[in-house]
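J.: Count the sequence shown with UniProt numbering and you get residues 1 to 175, in order.
Incorrect hints may appear among the rest.
Unchecked claim - Taking CB as the label site, the calculated pair distances span:
no.: 1; residue 1: A122; residue 2: L81; range: 25 to 35 Å
no.: 2; residue 1: G72; residue 2: G128; range: 46 to 56 Å
no.: 3; residue 1: T46; residue 2: Q132; range: 17 to 27 Å
In case anyone wonders, no lab produced these hints; they're calculated from the structure.
Cβ atoms here follow ideal geometry from the backbone N, Cα and C, with glycine treated the same way.
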Amino acid sequence: MRNVRVYEEAWPLHTPFVIARGSRSEAKVVVVELEEDGVKGVGECTPYPRYGESIASVMAQVMAIGEQLEAGLTREQLQRLLPAGAARNAIDCALWDLQARREGKTLAQLLGVALPNRVITAQTVVIGTPDQMGGQRRGAVAGRGPAVEGEARRSTDQRAANRYPPGGAGGYADC
Numbered sequence: 001m002r003n004v005r006v007y008e009e010a011w012p013l014h015t016p017f018v019i020a021r022g023s024r025s026e027a028k029v030v031v032v033e034l035e036e037d038g039v040k041g042v043g044e045c046t047p048y049p050r051y052g053e054s055i056a057s058v059m060a061q062v063m064a065i066g067e068q069l070e071a072g073l074t075r076e077q078l079q080r081l082l083p084a085g086a087a088r089n090a091i092d093c094a095l096w097d098l099q100a101r102r103e104g105k106t107l108a109q110l111l112g113v114a115l116p117n118r119v120i121t122a123q124t125v126v127i128g129t130p131d132q133m134g135g136q137r138r139g140a141v142a143g144r145g146p147a148v149e150g151e152a153r154r155s156t157d158q159r160a161a162n163r164y165p166p167g168g169a170g171g172y173a174d175c
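Kindly generate the complete structure, drawing on both the sequences and the hints.
T.: Structural data, given as C-alpha cells:
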C-alpha cells in the first residue's frame with residue numbers, strides 16, 4: 001500500500017517574470033509524494049487559471065483519487081481516470097519517479113533512452129526598458145538559452161524589439 005501526500009509550495013523565482021498578462025516572483029506548485037516500501041516518488045505541477053485550474057482544484061483532483069493511488073494505481077489507469085492537466089501531470093511524474101527509484105535507475109535508464117549531449121530550451125525576455133530587454137537577450141544568447149521569445153505591448157517595448165530583433169546576429173545559441 002502506498003502513502004500519498006499532496007501539498008502546496010511556493011518556489012521563489014530568481015528574477016521576476018513579467019509579461020503583458022502580469023508578473024510574478026514565485027511559482028505556486030502542487031507537490032505529490034507517493035511512498036511505497038520506504039521509497040518516495042515526487043512529482044509537481046503548476047496549475048494555470050487560464051486553463052481553469054487553481055491550487056485548490058488541482059489538489060482536490062489528486063485527493064479525489066487518493067484511495068486508488070494508495071491501492072497501487074498505474075500510469076495507464078491514471079491516463080483513463082483523469083483528464084490531461086496539472087493534476088495528472090504531477091501524479092504521472094511521481095509514479096515515474098517512484099518506479100525509477102524502486103528499480104535504482106535514472107528515468108532515462110528506465111525508459112531505455114540516452115540523455116542528449118545538449119538540451120535546447122527557450123527563455124522569454126520579460127518586459128522592461130529597451131536596455132534591460134536587450135541585456136536579457138544578450139545574456140540568453142551568451143549561453144543561457146538558445147531561442148529568445150519576446151512580448152511587446154507598448155511603444156517602448158516595440159523599440160526594444162526593433163533594437164534587438166530575435167533574428168539578429170547571434171539570436172540563437174547552442175547550449
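J.: For each hint, tell me whether it holds in the structure or not.
T.: To see whether the hints hold, each was checked on the structure:
1. A122 - L81: 25 to 35 Å: 32 Å, holds
2. G72 - G128: 46 to 56 Å: 49 Å, holds
3. T46 - Q132: 17 to 27 Å: 25 Å, holds
Checked against the numbered hints given earlier, the structure satisfies every one of them.
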